[in-house]
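**Q** Put together the whole structure using the sequences plus the hints.
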Amino acid sequence: MEYIDLTRTLKNKIPVYPNDPKTKLEKIKDDSTDYNLFYLKTGLHSGTHIDSPYHYIENGEKINEIKLERLISKGNVLNLKNKNNLTENKKINENNKNNKNNKNNENNENNKITKNKEINKNNINIENIKEKIVILNTKDSKWGTKEYFTDNYYLSKQFAKILVKKGIYGLCVDTGSVDKFGESKIHKILLKNNIWIVENITNTNQLIKNTYLTYVIPAKMESEASFARIFVKK
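Taking the UniProt record's numbering, the leading residue of the sequence shown gets 1, the next gets one more, and so forth.
Think of the hints as simulated: they come from the structure by calculation, not from any bench. Treat the hints loosely; a few may be bogus.
[As the list claims (entries may be wrong)] In silico DSSO-like links for lysine-lysine, alpha-carbon gap of 27 Å or less:
{"no.": "1", "residue 1": "K29", "residue 2": "K13"}
{"no.": "2", "residue 1": "K130", "residue 2": "K157"}
{"no.": "3", "residue 1": "K166", "residue 2": "K209"}
{"no.": "4", "residue 1": "K166", "residue 2": "K62"}
{"no.": "5", "residue 1": "K74", "residue 2": "K24"}
{"no.": "6", "residue 1": "K74", "residue 2": "K62"}
{"no.": "7", "residue 1": "K130", "residue 2": "K166"}
{"no.": "8", "residue 1": "K188", "residue 2": "K139"}
{"no.": "9", "residue 1": "K41", "residue 2": "K11"}
{"no.": "10", "residue 1": "K146", "residue 2": "K157"}
{"no.": "11", "residue 1": "K67", "residue 2": "K233"}
{"no.": "12", "residue 1": "K24", "residue 2": "K146"}
{"no.": "13", "residue 1": "K139", "residue 2": "K11"}
{"no.": "14", "residue 1": "K166", "residue 2": "K74"}
{"no.": "15", "residue 1": "K209", "residue 2": "K185"}
{"no.": "16", "residue 1": "K132", "residue 2": "K24"}
{"no.": "17", "residue 1": "K67", "residue 2": "K142"}
{"no.": "18", "residue 1": "K192", "residue 2": "K209"}
{"no.": "19", "residue 1": "K166", "residue 2": "K146"}
{"no.": "20", "residue 1": "K27", "residue 2": "K209"}
[Claimed, not checked] Cβ-Cβ distance ranges computed for the label pairs, FRET-style:
{"no.": "21", "residue 1": "Y35", "residue 2": "E127", "range": "48 to 56 Å"}
{"no.": "22", "residue 1": "N205", "residue 2": "T145", "range": "26 to 34 Å"}
{"no.": "23", "residue 1": "I28", "residue 2": "N59", "range": "32 to 40 Å"}
{"no.": "24", "residue 1": "K11", "residue 2": "D34", "range": "19 to 27 Å"}
{"no.": "25", "residue 1": "K166", "residue 2": "D34", "range": "50 to 58 Å"}
{"no.": "26", "residue 1": "E222", "residue 2": "Y39", "range": "17 to 25 Å"}
Positions of the beta carbon are idealized from the N, C-alpha and C atoms, including for glycine.
**A** Here it is, written out as C-alpha cells:
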C-alpha cells in the first residue's frame, strides 16, 4: 500500500508566517549521555499544521476535541486552472477548479489579470466537491520566500460560504493561508462553521486523481492548532 505524504518536514528555522514565533528545533544531548534529545520552541502554526475552530471562535472546538471521523475521510483534489491568466488574481472561488462545463471560461473577462489577487467565481467547478475533505492545489508554492506568505492565492468569501453549504469537514491548502495576507475573514467563515483548516501542505503535484482517502493526523493538543501529518492513499 502506497501513500503520498503532503507534509512539510518541521525543521529548525522553518519559514513561518510574518510575526509568528520563530521555530527553534535543536539537539540538546551532551557528551555524558548515550541518547539523543531535542528541544522545540515554536508557535503551533509552523510548517504543515491544522487550525481548529478555537483559533478564532471563543467557544469553538480545540484540536483534541475534533472527532477522528472528521479527520480521516475521502477528499477531493481541486486544481487551479488558467494559471497564466491569474498571475495577479489570486482569490479562489468555485469556478476556478477543473471547470470543464464552461468552454468559454478561458476567454471570460473575469479571468484576466486584476490587481486584487483574488480568483473569482468563474474559476472553480464547485460540483467537483462530493467528499468531505477538500485539497486545494494552487501549484503556486513560493516556499522559502517572503512572498509565499504575503502574495498567496486565497479564497473568496463566496467560495468559503459554498464550502460551508457543502458541509465539508475540512480544507487543506498548499499556501500559507486561506486568507489574503493580513486578513482573517475566510478563517472566521470556515471555523465558525466547524470546518478545520490545514495550511502549508506540499507534494500536491503528485495528486493526479480527483479523489483520495485522506488522513489528517494532528497531535492531541488542548490548543487552537497543532502540527499535523497529512497524507493520502494512492
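**Q** All the hints need checking, so say for each whether the structure fits it.
**A** Hint check results:
Between K29 and K13, the direct Cα distance comes to roughly 19 Å. Compliance with the 27 Å bound is thereby established for this hinted pair. Restraint check for K130 and K157: satisfied, since their Cα atoms lie roughly 20 Å apart, inside the 27 Å limit. Restraint check for K166 and K209: the C-alpha separation of about 21 Å stays at or below 27 Å, so the hint holds. Pair hint K166 plus K62 holds up; C-alpha atoms about 22 Å apart against a cutoff of 27 Å.
Between K74 and K24, the direct Cα distance comes to roughly 34 Å. Violation of the 27 Å bound is thereby established for this hinted pair. A threshold of 27 Å between alpha carbons decides the hint, and for K74 with K62 the separation of about 23 Å falls inside it, so the pair holds. With a C-alpha separation of about 8 Å, the suggested pairing of K130 with K166 holds against the 27 Å cut-off. Our distance criterion of 27 Å between C-alpha atoms is met by K188 and K139, whose separation comes to about 25 Å.
A C-alpha spacing of about 11 Å is found between K41 and K11, which places the hinted pair at or below 27 Å, so the restraint holds. With a C-alpha separation of about 24 Å, the suggested pairing of K146 with K157 holds against the 27 Å cut-off. Taken as a hint, the K67 and K233 pair is honoured in the structure, with Cα atoms around 20 Å apart against an allowance of 27 Å. A hinted pair counts as satisfied when its Cα atoms are at most 27 Å apart, and K24 with K146 qualifies at roughly 19 Å.
Distance check on the hinted pair: K139 and K11 sit about 23 Å apart at the alpha-carbon level, within 27 Å; holds. For the hint linking K166 to K74, the alpha-carbon distance of about 14 Å falls within 27 Å, and the restraint holds. Restraint check: the Cα-Cα separation between K209 and K185 comes to about 31 Å, which exceeds 27 Å; the hinted pair is violated. Using a Cα cut-off of 27 Å, the hinted pair K132 and K24 is violated, with the two alpha carbons roughly 35 Å apart.
The suggested pairing of K67 with K142 is violated, with an alpha-carbon distance near 33 Å, which exceeds 27 Å. For the hint linking K192 to K209, the alpha-carbon distance of about 30 Å lies beyond 27 Å, and the restraint is violated. Annotation: proposed proximity of K166 to K146 is violated, straight-line Cα distance about 33 Å (limit 27 Å). Straight-line distance between C-alpha atoms of K27 and K209 comes to about 40 Å, which puts the hinted pair past the 27 Å bound.
In this structure, Y35 and E127 meet the distance hint of 48 to 56 Å, their C-beta atoms being roughly 54 Å apart. Separation of N205 from T145 is about 18 Å and departs from the stated range, judged on CB atoms against 26 to 34 Å. Checked against the hint of 32 to 40 Å, the pair I28 and N59 passes, with Cβ atoms roughly 38 Å apart. Roughly 25 Å separates the CB atoms of K11 and D34, a value that falls within the hinted 19 to 27 Å.
At about 54 Å, the CB distance of K166 to D34 agrees with the hint of 50 to 58 Å. A hinted range of 17 to 25 Å holds for the C-beta pair E222 and Y39, which are about 21 Å apart.
Hint check: violations occur at hints 5, 15, 16, 17, 18, 19, 20, 22; the rest are consistent with the structure.
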